[in-house]
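Number of protein chains: 2
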Amino acid sequence: ATKKLASFESLPNREHHEDFIKKCAEILIREAVFEGTNRKNRVLQWNSPEELQKLMDFTLRTSPSSHDELLDLLRNTVNYSVKTGHPYFVNQLFSSLDPYGLVGQWATDALNPSVYTYEVSPVFTLMEEVVLREMRTIVGFEGGRGDGIFCPGGSIANGYAISCARHKFQPEIKATASVTNLLKNIANIILLLLQTKGLHSLPRLVLFTSEDAHYSIKKLSSFLGIGTDNVYLIRTDDRGRMDPSHLIQEIERALAEGGAPFMVSATAGTTVIGAFDPIDQIADICEKYNLWLHVDAAWGGGALMSSKHRSLLKGIERADSVTWNPHKLLTAPQQCSTLLLRHEGLLSETHSTHAAYLFQKDKFYDTKFDTGTKKFNGDKHIQCGRRADVLKFWFMWKAKGTLGFEKHINKVFDNAKFFADSIRNRVGFEMLIDQPECTNVCFWYIPESLRNAKQDSDYKERLHKVAPKIKERMMKEGSMMVTYQAQKSHPNFFRIVFQSSGLDRADMLHLIEEFERLGRDL
Amino acid sequence: ATKKLASFESLPNREHHEDFIKKCAEILIREAVFEGTNRKNRVLQWNSPEELQKLMDFTLRTSPSSHDELLDLLRNTVNYSVKTGHPYFVNQLFSSLDPYGLVGQWATDALNPSVYTYEVSPVFTLMEEVVLREMRTIVGFEGGRGDGIFCPGGSIANGYAISCARHKFQPEIKATASVTNLLKNIANIILLLLQTKGLHSLPRLVLFTSEDAHYSIKKLSSFLGIGTDNVYLIRTDDRGRMDPSHLIQEIERALAEGGAPFMVSATAGTTVIGAFDPIDQIADICEKYNLWLHVDAAWGGGALMSSKHRSLLKGIERADSVTWNPHKLLTAPQQCSTLLLRHEGLLSETHSTHAAYLFQKDKFYDTKFDTGTKKFNGDKHIQCGRRADVLKFWFMWKAKGTLGFEKHINKVFDNAKFFADSIRNRVGFEMLIDQPECTNVCFWYIPESLRNAKQDSDYKERLHKVAPKIKERMMKEGSMMVTYQAQKSHPNFFRIVFQSSGLDRADMLHLIEEFERLGRDL
Ligand SMILES: Cc1ncc(COP(=O)(O)O)c(C=O)c1O
Ligand SMILES: Cc1ncc(COP(=O)(O)O)c(C=O)c1O
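Protein chains in written order, with our numbering: chain A, 1 to 522; chain B, 1 to 522.
Hints listed in this document are in silico derivations from the structure and should not be mistaken for laboratory results. Mixed in with the good hints there might be a few duds.
Since copy identity is lost for identical chains, a pair holds within one copy or between any two.
[As the list claims (entries may be wrong)] When the alpha-carbon atoms are kept at most 25 Å apart in a straight line, the in silico DSS-like pairs for lysine-lysine are as follows: (1) Lys363 - Lys488; (2) Lys407 - Lys3; (3) Lys363 - Lys469; (4) Lys363 - Lys54; (5) Lys4 - Lys411; (6) Lys4 - Lys407.
Can you build the whole structure from these sequences, using the hints too?
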């Protein structure tokens, strides 16, 4: 330990920092990595915002701190954080603290790269090529061809997909914007009034996704200037899957209204229910109406790694674009998200601005590696600086092999099935969907007091209050974390969700019993 | 060392992983952190893409690797990567490997959070509040009030700014999109034809930025559906600053054309030259025409931390929004970017979709902390999962204090001034801009063979080839990294850029002599 003050210089100095950095790494390895993922310890130590502000000094000051004070702050940060790698953090579409992924992250940080060009990021540029090609191959794009990018999250990946689809439909949009061209507007209106031309020439872009799709589709449509009203939501069936006949109806309706359908976003693994839209049927419809098919497999994409489960995504190889987040089902550390495209060059065509200061043409090496595509020697991102999110995933892949990922997927699907099988007929549990497709299991826990009250007029209202109450208890005890929500006319239900292959059947039973313990007396 | 194979489970296991993780941390601390930033070592070990593919095995396989193999891969990753923390990596608008920032990153990774809500990220939610408020205070927003978000890069921060400005100008755009409302179009056109109404009702949004602004303004305008043609580029003066009189002319032109000006993006620290646009004058113009004033201080924002240099950004407190990247001038590890707004609630109003599964209304704690604004209990991001980019910066701030950041800024500005002063009249050097405002110094190195050839008709052409040649040599030797580019009619010039306060005047002289050594004989 040392009382020495932190230095202001931004360069590590062996004498001043070596001991400090090593101590910090030790604290992290011991307290966050191993203690934080130990079943014997709590998932979190709950404090209200007001309490936490008293327990930990968040304020920023004028003067520096000592290394001792910093070590304390680091311990507190770990201590009061939710342990998302804990086996009983089954609350989100991410969890785990993959040991190889963690090493990959730490290496990324120690190298602090920005993946612009081969020159600045030789290793990561090549890694991205290899990983994206392999992912395209697994998706089923012929010969792994196409294009792809790492994105800061699946939401932005979906945004890229919409942007590419729009560009393909209406390339002039890049320069002139949606319908800003006055002459074009007038012409369109006249054409509409005269009923002389197919309504496709009209500029109101319409895209289709299911009512259970992730909210990023709406969000990014709004951000991209398409407008949420122009996202038509397609009905889902009783297992949460897009209804293809309703999709056709809605496309026809959009056409009849003078809209310009350009894209369908199917979901492979919906956020709440874990449903897989019928991609093959949707692809047929897209072919017929000449629409861009995007598959948002942010969540379910990992299932492609398993020969046992990949049929859930049957037809994905027909997609124009695919969002796939290795940070979800494959447990790469956050963030690790990809957009994969069947089309070469379109990403650059849509997004490049050819910044001279990064993409010089007179470099002394083959600059095809600066971009990932041979045709467009330009940039394809909307980002400029960009983290090397590839390394952690590449390192995990090297560690486990494709086979390791397959085992991982099979295990988490098996756990989820075991969990569902165990509660399906268990007293006090009721499933939202009897046969979950993915590793999300949605259910109600019904306390004894409500078990014979189904006929009561206030049953739903009372049941609605159970999940928040159990959630409060689990948070305050720190014994597990599982999220709940209402959906459609359903009262609050739990959605437990599994990504960690470090869990086993005993854990499933433990979690079930935990619900009983926490909720029985309500 | 161990021959044991990597496990497929995504949970760290003490017996299997402790030794491995510790070894990896040791390698990183020794080889990346200390050796990688040691002046005695090279900035990079250059290999062409073809060579590198032979030296390092990038391919992904079916079967797992042993821990020994993984340690080798880790060493190779470090070995063949560019050391962006090396004192002589002066190539980009980021550099350094700040020791406290690194610890913050490693802690973030070990906790692997996603900043959705207080519940899942208690510590980071509060940290974001504190840091963003303090940054707004430093910008000069009254009482630190307003709003803000961490973004995956300054480009996306600029995109948020455009999105908010557009929403404020045209709130209906969120749902209905730019000009998709047919009736509104017809009405507008009729109004235009009848000349009865101010042209503001027309939908062609126009925004203004300087010709030296970062390309993300164009890029995101295109992404947002505004179109690059509607980004009007304002002339810069001979020091790279936006010309306010030309701005007025262009606003008037846009109005005369029937466009709808809605926003000016001023730059505080341009990417290549490091120029600061005259914010106060631009703010006056924005007030007059009722335009949103955005200040892209991604690069120059750090100067606000120094009482000596903050006058460069005079007037920034009048901005509606500010992009400020602590990962640039303040050397936070990548990425650490913020958008700060004077307006409360607008970010949520613009971007929320109220996802029920994240933002339940029946939580047992005060959910105002889930959002950062009291008015809108919704989400304000276009991202869903989001890295806790705040921790590293907060930790650095705690370590150094505001005073430490001030010293840091003063030192890098002093270094840049010393560098400029040293080459200004030195034989063989010629400055692009005599008095750089920021820490970018742009210059030509003129080899002996060209020193008396200024009058020759092919002088520019020959000079244009010098920088790429010197760059090739420095890369192959690995002795330093400095970028070059052409701009406007100027032949290729170097832009050296300083962020690391670990450098001193001796380093400046060393870098100058390095140019002479590498270029003299050309
Ligand atoms: C189906 C689906 N798509 C997209 C996303 C967004 O991914 P991210 O959180 O990486 O932005 C999610 C996130 O949960 C999702 O469930
Ligand atoms: C002035 C300016 N604005 C914005 C950006 C974009 O920042 P980022 O690389 O974080 O996307 C840059 C990047 O260099 C910049 O120089």
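Run the structure past the numbered hints and jot down the numbers of the failing ones, going up. Every hint satisfied by this model.
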